[in-house]
Amino acid sequence: MQALEQAFPRRAIQVKNSGLSGGIVLSFAMVVCMALGAFLLWYQGPGILRDYKISQNPIVDENASLRKGECKTRQLIMTDCKADIVFKDSAGKSVQESVSFMFFDTSRSGYDVEIVRSGDDPSLVTLDLGVEKLWDRIFTLGVFTVLLIGGAIAVIVAMIRVRGLNKKMRKPLPLKPVAVTVTGIQKNYGIRNVFYSYTNEAGKKKKRASRFSKKEEPCYLSVAAGTKANDTPALAVLPQGCDVPVLLDENLDRLDLTADEKQAIHNALAV
Numbered sequence: 002m003q004a005l006e007q008a009f010p011r012r013a014i015q016v017k018n019s020g021l022s023g024g025i026v027l028s029f030a031m032v033v034c035m036a037l038g039a040f041l042l043w044y045q046g047p048g049i050l051r052d053y054k055i056s057q058n059p060i061v062d063e064n065a066s067l068r069k070g071e072c073k074t075r076q077l078i079m080t081d082c083k084a085d086i087v088f089k090d091s092a093g094k095s096v097q098e099s100v101s102f103m104f105f106d107t108s109r110s111g112y113d114v115e116i117v118r119s120g121d122d123p124s125l126v127t128l129d130l131g132v133e134k135l136w137d138r139i140f141t142l143g144v145f146t147v148l149l150i151g152g153a154i155a156v157i158v159a160m161i162r163v164r165g166l167n168k169k170m171r172k173p174l175p176l177k178p179v180a181v182t183v184t185g186i187q188k189n190y191g192i193r194n195v196f197y198s199y200t201n202e203a204g205k206k207k208k209r210a211s212r213f214s215k216k217e218e219p220c221y222l223s224v225a226a227g228t229k230a231n232d233t234p235a236l237a238v239l240p241q242g243c244d245v246p247v248l249l250d251e252n253l254d255r256l257d258l259t260a261d262e263k264q265a266i267h268n269a270l271a272v
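Just so we're aligned, residue 2 is where the sequence shown starts under the working numbering, counting upward by one.
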């Protein structure tokens, strides 16, 4: 890297395109997390509240019947149950109520269930399994809600951080050439996400993704001996005051360089 350090201009240089995404992709991820969290609360919340009320005074309804019902275990630990219950209301009219709930369970056997109603409010009906697993369901809903809300918060923090970095890099800054490791490329709708890793000043290994257009290629360095398969060294720059290196394209168009400056860097890369 010594030849590259000597070839890089000593002046402050503007980063025209950092490749760090802080807009549409992260905004979409945040919306997805929030939407899933809201859907989960809407889907499971009312059923938990209903079954909690029934659990205060449950009465088995021998006259009610199941029209259909099933429990499926997904990913070996998550059980999702659905059932249609037919029962008589206070006026003697047949009413059908659909119930659904989910809970953690590693059992792979079936469930024997009974239909229970609330002794305080006979219009509330469910399966005794739902009452039995009530606290498991509350725990399950809580875990997923916390994970989704936590994910949304993490995305917001990442958006603020990336936008701050991009804003800082728009100003000309001294740049330090550094080597990073390209670990993979993912293609989506004409845009490629190039994943790369680097070691920060604290000695910790970090991972990032840089967005490249269909025609852009990373500025690869010569492959060093002992490099792992699918891991390729590439050129990046570390703007002064920033802790995230910017992965460069092979034409160096991501930096505001003159033609002579670009040529000097390419000559150093060929050494």
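Derived by calculation from the structure, the hints in this document are not laboratory data. Hints should not be assumed to be uniformly reliable.
Said to hold, decoys possible - In silico DMTMM-like cross-links for lysine to aspartate or glutamate, where the CA-CA straight-line distance does not exceed 20 Å:
(1) K188 / E218
(2) K83 / D113
(3) K207 / E262
(4) K54 / E71
(5) K17 / D261
(6) K177 / E63
(7) K89 / E133
(8) K263 / E202
(9) K169 / D257
(10) K169 / D261
(11) K169 / E251
(12) K172 / E133
(13) K188 / E251
(14) K177 / D122
(15) K54 / D106
(16) K73 / E133
(17) K208 / D261
(18) K54 / D129
(19) K177 / D113
(20) K168 / D257
The structure presented is a predicted model; accordingly, all values stated were derived computationally and were not measured.
Going through the hints against the structure:
no. : hint        : result
1   : K188 / E218 : 12 Å, holds
2   : K83 / D113  : 14 Å, holds
3   : K207 / E262 : 30 Å, violated
4   : K54 / E71   : 23 Å, violated
5   : K17 / D261  : 18 Å, holds
6   : K177 / E63  : 77 Å, violated
7   : K89 / E133  : 23 Å, violated
8   : K263 / E202 : 27 Å, violated
9   : K169 / D257 : 15 Å, holds
10  : K169 / D261 : 26 Å, violated
11  : K169 / E251 : 23 Å, violated
12  : K172 / E133 : 61 Å, violated
13  : K188 / E251 : 18 Å, holds
14  : K177 / D122 : 72 Å, violated
15  : K54 / D106  : 23 Å, violated
16  : K73 / E133  : 17 Å, holds
17  : K208 / D261 : 32 Å, violated
18  : K54 / D129  : 13 Å, holds
19  : K177 / D113 : 68 Å, violated
20  : K168 / D257 : 15 Å, holds
In the structure shown, a violation is registered for the earlier hints numbered 3, 4, 6, 7, 8, 10, 11, 12, 14, 15, 17, 19, in ascending order.
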